[in-house]
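**Student:** Sequence:
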Amino acid sequence: MSYTCCLTVPIRAGAVTISVLGVMASAAFGVVYAREIEDGIMTTSEDHPMAKFVPYVGMVSWMFLALISLFGCIACYRTKPKLATIYFWALLVQYVVDLAFLVVTMYFCITSAQTKKRNCDLRAQGEGFSHTDALCSAALSASSILLLSVLGVYKLYATYAVYVIFNFMRWVKMEWLEIEAQKVQKIMQQRQPQPMIDYDSYTATKNWSKFED
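Last residue of the sequence shown: 377 (the numbering used here), numbering continuous.
If you are wondering where the hints come from, they were derived from the structure by calculation, not from laboratory data. One or more hints might be untrue.
Said to hold, decoys possible - Derived DSS-like pairs (lysine-lysine); straight-line CA-CA distance at most 30 Å:
1. Lys-244 x Lys-319
2. Lys-347 x Lys-246
3. Lys-337 x Lys-347
4. Lys-350 x Lys-337
5. Lys-350 x Lys-246
6. Lys-246 x Lys-319
7. Lys-337 x Lys-319
What the hints assert, rightly or not - Label-pair ranges, simulated between beta-carbon atoms:
8. Arg-199 x Ile-274: 24 to 30 Å
9. Ala-189 x Arg-242: 20 to 26 Å
10. Tyr-241 x Gln-353: 28 to 34 Å
11. Leu-256 x Lys-347: 30 to 36 Å
None of the values given here were measured: they were computed from a predicted structure. Heads up, the beta-carbon is just placed ideally off N, CA and C, and yes, glycines get one too.
Given only the sequences and the hints, what does the whole structure look like? Please build it.
**Tutor:** What follows is the structure in structure tokens.
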């Protein structure tokens with residue numbers, strides 16, 4: 165049994181663990197995003213009206229990952245090359261799209277913080293600088309830093325998950341090639357051996373006179 169890099173865990177067990185965690189965590193985060201969008205908690209800065217799509221894209225991304233992980237559980241159970249290949253490529257596409265979404269989220273988060281800091285500075289110049297103004301003039305709020313940190317850790321985990329599923333796909337293909345080779349070998353062993361032809365005795369009984377001059 166092959167093992168994953170950095171962890172002495174069999175590839176199939178690692179793929180199953182990642183798939184199950186993907187289903188539970190992705191479904192949970194998708195529901196959280198949906199509830200916060202419905203309650204109006206997850207809002208974006210008025211300076212970035214285009215950023216209003218960010219929570220919805222995040223919710224769809226989590227639910228899509230939950231469906232992929234659920235399919236991955238089936239692929240880990242069936243261990244068929246076609247299912248493992250579909251699982252890997254679907255997870256890779258989701259990873260790339262989610263990475264682009266992470267970059268967009270970081271952009272809106274940082275620019276919103278810069279806009280907020282600029283507004284705080286203008287208000288401080290016009291109305292006097294208070295303790296609360298000092299808190300809002302930070303380049304990034306604590307919630308923004310926490311969000312970026314969580315997203316960064318998640319992408320590191322997602323990178324390792326894609327690597328494990330890639331190894332799982334290769335392992336499944338190698339297992340099936342070995343199974344097919346064993347089937348062919350078994351068929352060859354079950355075939356009746358062909359009798360050997362004694363060409364010397366065969367040619368000795370023939371009348372070759374008609375070929376002589």
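**Student:** Starting from the hint list further up, note which numbers the structure goes against and sort them upward.
**Tutor:** Of the numbered hints given earlier, the structure breaks none, since each of them holds.
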